[in-house]
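S.K.: What follows is each chain in one-letter form.
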Amino acid sequence: MIKIQVLFFGKLKESWGTNKLEVETGSHNIEDLYLELLNKAANIPHKESIKVAINDEFVNWDTTINSGDTIAFLPPASGG
Amino acid sequence: MIKIQVLFFGKLKESWGTNKLEVETGSHNIEDLYLELLNKAANIPHKESIKVAINDEFVNWDTTINSGDTIAFLPPASGG
Amino acid sequence: MFDLSEKKINDSQLKAQTLDPSSGGFVCFEGWVRDNNQGKDVHKLAYEAYPKLAIKEGNKIIAEAIEKYDIKKALCTHRVGLLEIGDMAVWVGVSAAHRDAAFKACRYILDEVKSRVPIWKNESWTDGESGWVEQES
Amino acid sequence: MFDLSEKKINDSQLKAQTLDPSSGGFVCFEGWVRDNNQGKDVHKLAYEAYPKLAIKEGNKIIAEAIEKYDIKKALCTHRVGLLEIGDMAVWVGVSAAHRDAAFKACRYILDEVKSRVPIWKNESWTDGESGWVEQES
Numbered sequence: 000m001i002k003i004q005v006l007f008f009g010k011l012k013e014s015w016g017t018n019k020l021e022v023e024t025g026s027h028n029i030e031d032l033y034l035e036l037l038n039k040a041a042n043i044p045h046k047e048s049i050k051v052a053i054n055d056e057f058v059n060w061d062t063t064i065n066s067g068d069t070i071a072f073l074p075p076a077s078g079g
Numbered sequence: 000m001i002k003i004q005v006l007f008f009g010k011l012k013e014s015w016g017t018n019k020l021e022v023e024t025g026s027h028n029i030e031d032l033y034l035e036l037l038n039k040a041a042n043i044p045h046k047e048s049i050k051v052a053i054n055d056e057f058v059n060w061d062t063t064i065n066s067g068d069t070i071a072f073l074p075p076a077s078g079g
Numbered sequence: 000m001f002d003l004s005e006k007k008i009n010d011s012q013l014k015a016q017t018l019d020p021s022s023g024g025f026v027c028f029e030g031w032v033r034d035n036n037q038g039k040d041v042h043k044l045a046y047e048a049y050p051k052l053a054i055k056e057g058n059k060i061i062a063e064a065i066e067k068y069d070i071k072k073a074l075c076t077h078r079v080g081l082l083e084i085g086d087m088a089v090w091v092g093v094s095a096a097h098r099d100a101a102f103k104a105c106r107y108i109l110d111e112v113k114s115r116v117p118i119w120k121n122e123s124w125t126d127g128e129s130g131w132v133e134q135e136s
Numbered sequence: 000m001f002d003l004s005e006k007k008i009n010d011s012q013l014k015a016q017t018l019d020p021s022s023g024g025f026v027c028f029e030g031w032v033r034d035n036n037q038g039k040d041v042h043k044l045a046y047e048a049y050p051k052l053a054i055k056e057g058n059k060i061i062a063e064a065i066e067k068y069d070i071k072k073a074l075c076t077h078r079v080g081l082l083e084i085g086d087m088a089v090w091v092g093v094s095a096a097h098r099d100a101a102f103k104a105c106r107y108i109l110d111e112v113k114s115r116v117p118i119w120k121n122e123s124w125t126d127g128e129s130g131w132v133e134q135e136s
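Residue numbers (numbering that gives the first Met the number 0), protein chains in the order written: chain A, 0 to 79; chain Z, 0 to 79; chain B, 0 to 136; chain V, 0 to 136.
In case anyone wonders, no lab produced these hints; they're calculated from the structure.
Note that the coordinates shown come from a computational prediction; the quantities given were computed from them, not determined experimentally.
A hint or two may mislead.
Here are the simulated PhoX-like cross-link-like pairs (lysine-lysine), alpha carbons at most 20 Å apart as the crow flies [unchecked claim]:
(1) Z/LYS10 <-> V/LYS113
(2) A/LYS12 <-> B/LYS51
(3) B/LYS103 <-> V/LYS43
For the chain A half of the interface with chain B, some residues (derived, Cβ under 10 Å), not all of them [what the hints assert, rightly or not]:
(4) LEU6
(5) PHE8
(6) GLY67
The following label-pair restraints were derived from C-beta to C-beta distances [claimed, not checked]:
(7) V/ALA45 <-> Z/GLY16: 10 to 20 Å
(8) V/SER123 <-> Z/ASP55: 55 to 65 Å
(9) B/LEU81 <-> A/ASP55: 53 to 63 Å
(10) B/ASP99 <-> V/ASP34: 12 to 22 Å
(11) Z/ASP55 <-> B/ASP110: 38 to 48 Å
Glycine included, each C-beta is placed from N, C-alpha and C at the ideal position.
Input sequences plus hints: build the corresponding full structure.
M.R.: This is how it looks when you write it as structure tokens:
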């Protein structure tokens, strides 16, 4: 089990009812973590539209997560 | 014979050495007038690039000219 | 350079930083908060960002624009926090020797910022409701 | 509206006239007198116009842009007379609900003004020579 921090942005904050979670997880990559977190979500967001980041860098869904990482789930940008 | 005023702009002022001529002419349209004026020109400008106007309106080369008209010869625009 | 601003965007200052004595062309885009959007009357609006990643991604986009087009300088600032109707939400400015490069680079930066920089719009409508806004096409 | 100006172009005023409360997008182009052009060092520059025909043709171009694109307001002012290095030669601004229309209309007005409005540029170079400048492609 590793300890990580998870950040939610935009409408994903509403899906999970928070902007930040401290999580102990056995998941090895972001996709597994996401599936694990889905049972805490009030509604299930469209995964294909979500981008993921580790420690302030965009990464792929299959990127390995390590203890102490900050993982962010980002809905489609709507700036401008 | 009719009396008209001819205006030259941009580099055409250099071709005719003036920006304005008072002309008595037997020419019936702008093209004839232009050919007539060529013998007063220091150098022969490229006719295809010239636009012509009568009394502040763009017109075609075959437009008839009348006594009292102001005819303008305009080289390609170079604003902006 | 890309930046986020919690205060009103100072477009005169940004423009002065973008102008270049050897560049004849300057193009800028400004996005303003409208009193309506997608058929709803907008009361006010907030932009949330993921600041570190937004600044990183925004600067990457500007570097791409300088690489792709023959431009001298490009700046973009996006407002975050609570905005009122009539506030400026985003400013993009580009200096270039030729107009074609200036227009294309300005458009490129704007389009890429809108689609790639992690910033989200939350609108409050005059009917009392509010919500996260999906990107317009 | 298209206009000619013998004085320095007041871009803040033109911008204020172009902004529209229901338009989220504003695009502007500014053309500045550079210190060099086509490989020559420019000392100063004069624009000559055929004023009546220039204003008529400029306004026709703006009407075409409003017809072709979904924009709210568009203004263009071209400087005439003697200009110094660093002076603004032309300003084009467009307000529209959507960025695509704003960019396209601004570009259209600029391109058409450059090619159709009877205005001619005469440059003085630092070598003491001067001459009428052909349109750049």
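S.K.: Run through the hints listed earlier and report the numbers of any the structure violates, in increasing order.
M.R.: Per hint list: 3, 6, 8, 9 violated.
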